[in-house]
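Taken in order, these protein sequences are the chains called Y and A. Start counting the first sequence at 279; every next residue gets the next number (our numbering). Start counting the second sequence at 279; every next residue gets the next number (our numbering).
Derived by calculation from the structure, the hints in this document are not laboratory data. Just so you know, not all the hints are guaranteed correct.
No copy is singled out in the list; a pair is fine if it fits within one copy or between any two copies.
Taking lysine-lysine pairs in the DSS-like style, the calculated list, with each CA pair at most 30 Å apart, reads [to be verified]: (1) K498 - K570; (2) K570 - K641; (3) K639 - K570; (4) K509 - K498; (5) K641 - K498; (6) K639 - K509; (7) K639 - K463.
Protein chains: 2
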Amino acid sequence: MDDLFVVIIAGGSGTRFWPASRVSRPKQLLPLGGIDEPLLAATVRRVLPLTQPERVFIATGAHLVDATRAILPELPSENFLAEPAARNTAPCIGWSAHRILRVRPDAVVVVLPADHIIGDEVGFRAALTEAARVAREGRIVTIGLTPTRPETGYGYIEVGAPLSTEPRADGSENQTFSVVRFVEKPPLATAQAYLAGGKHVWNGGMFIFRADRMTEALAKHTPELSAMLTKLDEAADRGDEAAAVEELFPAAPSISIDYAVMEREPGLAVVRGDFGWSDVGSWESAWELSPKDPTNNAAPDHAVLEDASGNLVHDLRTDGRTRVVALLGVHDLVVVETDDALLVMPRHRAQDVRAVVETLKTKGTPHV
Amino acid sequence: MDDLFVVIIAGGSGTRFWPASRVSRPKQLLPLGGIDEPLLAATVRRVLPLTQPERVFIATGAHLVDATRAILPELPSENFLAEPAARNTAPCIGWSAHRILRVRPDAVVVVLPADHIIGDEVGFRAALTEAARVAREGRIVTIGLTPTRPETGYGYIEVGAPLSTEPRADGSENQTFSVVRFVEKPPLATAQAYLAGGKHVWNGGMFIFRADRMTEALAKHTPELSAMLTKLDEAADRGDEAAAVEELFPAAPSISIDYAVMEREPGLAVVRGDFGWSDVGSWESAWELSPKDPTNNAAPDHAVLEDASGNLVHDLRTDGRTRVVALLGVHDLVVVETDDALLVMPRHRAQDVRAVVETLKTKGTPHV
Chain Y
279 MDDLFVVIIA GGSGTRFWPA SRVSRPKQLL PLGGIDEPLL AATVRRVLPL TQPERVFIAT
339 GAHLVDATRA ILPELPSENF LAEPAARNTA PCIGWSAHRI LRVRPDAVVV VLPADHIIGD
399 EVGFRAALTE AARVAREGRI VTIGLTPTRP ETGYGYIEVG APLSTEPRAD GSENQTFSVV
459 RFVEKPPLAT AQAYLAGGKH VWNGGMFIFR ADRMTEALAK HTPELSAMLT KLDEAADRGD
519 EAAAVEELFP AAPSISIDYA VMEREPGLAV VRGDFGWSDV GSWESAWELS PKDPTNNAAP
579 DHAVLEDASG NLVHDLRTDG RTRVVALLGV HDLVVVETDD ALLVMPRHRA QDVRAVVETL
639 KTKGTPHV
Chain A
279 MDDLFVVIIA GGSGTRFWPA SRVSRPKQLL PLGGIDEPLL AATVRRVLPL TQPERVFIAT
339 GAHLVDATRA ILPELPSENF LAEPAARNTA PCIGWSAHRI LRVRPDAVVV VLPADHIIGD
399 EVGFRAALTE AARVAREGRI VTIGLTPTRP ETGYGYIEVG APLSTEPRAD GSENQTFSVV
459 RFVEKPPLAT AQAYLAGGKH VWNGGMFIFR ADRMTEALAK HTPELSAMLT KLDEAADRGD
519 EAAAVEELFP AAPSISIDYA VMEREPGLAV VRGDFGWSDV GSWESAWELS PKDPTNNAAP
579 DHAVLEDASG NLVHDLRTDG RTRVVALLGV HDLVVVETDD ALLVMPRHRA QDVRAVVETL
639 KTKGTPHV
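So here's chain Y without its partners, still in its complex pose:
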């Protein structure tokens, strides 16, 4: 449908995948989890069967625009929304909705994170198509992912009554439900109860809505933000949007779309999705998603592995020199090389990479 617009949220601080990710090269600009293109490029490629490059927008930090444009040459230059300061998701989603509304009053907007991996792309697009259908009727829709573990790092959505059941091409169904409520990251016991109960799904940060419905919801729940966005519209009418963004955006409230709208708006819908989703949250997750040899090493061809198992070797050097990486007698390690850094740690310590980044910041080195 030619009313479908996509907004990809591509910010990020670049700490969890250090040394591959940096402040100037966050996760979505990297190939991770066994794919050979940057996660953002894969995200765009994945939705292009549903829309056109002209209707795909990328919201990113001003300092990341050049690097982001470089990996997406197929998108129009003006479709990159440069946030002069990070203000969480509500301001940039609001800005996108206002901007799209100016060119297409009945636009349906799909908001997607830039840095996730989807195993079943056909199923993913089918879920989005169903969500867009429901959104066209006026609801704000989210995708709920079937939990596979009692994850405490995600928000959850409590699922209510079915709203519709649409058959998919493969015979399965896309089930759309009402939303009882959005729940922020739960403690472990609660997450375990959610997993056992079957009434909760993961909030993967994917939202689908008519642009006019989102601007109305923002006006209702966050009038301060909405007023700023209206000023951007007025500046755009004067041909002066960039300067207005530079001036006004940093003063916007830093607030997530979940908190600003989803936790407050009635009548939300959730499409249950089961399409091999991962947010690739750590090096451990990257290893899980990568192709592996018979002893569970995920390593490039030039690695020499002697009595080594369960290791992730990631070579992101750009100097083009062939370099042997030899692992002898080591197991379940992460070994990541870039031009200016090397990280060695056990896979199960992946969550602690931030500690290394913090140490480097304290030292004032240029490697963060």
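Let chain Y serve as the given structure and place chain A on it in line with the hints.
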């Protein structure tokens, strides 16, 4: 004494310290074990208080001469003896003895391996001085190192009756004994008995002798080799030594000085040495010898160590770029970086580095 000449044996195949060591860059050309100069440079520096650069000779492979000269600019160019083929120690020691004898009929020659570390350099030189004194009297002398473990990788020397006791400057004594016999690498039970018995010392490959006594001994025990060396003398008289070496040396018997002379010659003497000797036989040994932080990491200043202990980090890259090495939650690892290779292994697997080199040879890569 101006009769003292030093011959440093600097060959090596470059496998035990891969990826730092290579066929073209064996161990003696590397800084290892916590010293900041190549082991060979340290070996030369260590003996210079006893002699002059003009009397220090380096016996090395022809393919290593340029790299070896480069780190020893203070030695005369003609003091590098280039072996066109590796023929073990007897031919190159014999060649050295013949060559020195031509310029100094009463020369005393000290033969030293190029790639060992000495903790107490004053004690080391005192032992060499005592050995030279005994050698001047006509004996072939070796240095016997007090064993500290039942090592099965070294040859041993059984010590006989005392020959002399010389006081040292610090009040201790250099004790010189007759040699009962040289013993090749023993099985573990034998090595344990040697350690307990106190009558055996390690053969560290250091030999001290009058050049004329060594040429006589070679003539007696290995007439074939001796005949070749005499031909080199004749060629040298004609100003044609290099061509003769090229032609004759590869046909020499490949035989160690231990087997050719030490195990057969009567009247040998051994000076017991106790001066913090190590042959730096592996990455494990290099870690033992290196300065370490409070959690036993031997690592350069630019390493970031978070909950890491007992690791050896060796950065031998030559591109001059600063590179962070971050170890998080790992213990007792060896991490070695060069321009074209990275090795990660547990310290206790250091003896198995050869397996990696063998794999690389099989693959036909240029990284050996």
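Status of the hints after comparison with the structure:
1. In this homomeric assembly, K498 and K570 never come within 30 Å of each other (Cα to Cα): the closest approach is 50 Å inside a single copy and 63 Å across copies.
2. Within a single copy, K570 and K641 get their C-alpha atoms only as close as 36 Å, which misses the 30 Å cut-off; across copies the closest is 21 Å, which meets it.
3. Taking the shortest Cα distances, K639 and K570 sit within 30 Å of each other only across copies (24 Å), while inside one copy they are farther apart (34 Å).
4. In this assembly of identical chains, K509 and K498 lie within 30 Å of each other by CA distance solely inside one copy; the values are 17 Å within and 104 Å between copies.
5. Taking identical chains as interchangeable, the C-alpha atoms of K641 and K498 are never at most 30 Å apart, the minima being 46 Å within one chain and 67 Å between chains.
6. Within a single copy, K639 and K509 get their C-alpha atoms no closer than 37 Å, and across copies no closer than 68 Å, so neither meets the 30 Å cut-off.
7. For the identical chains of this complex, K639 and K463 are intra-copy neighbours only, at 28 Å inside a copy versus 53 Å across copies, given an alpha-carbon limit of 30 Å.
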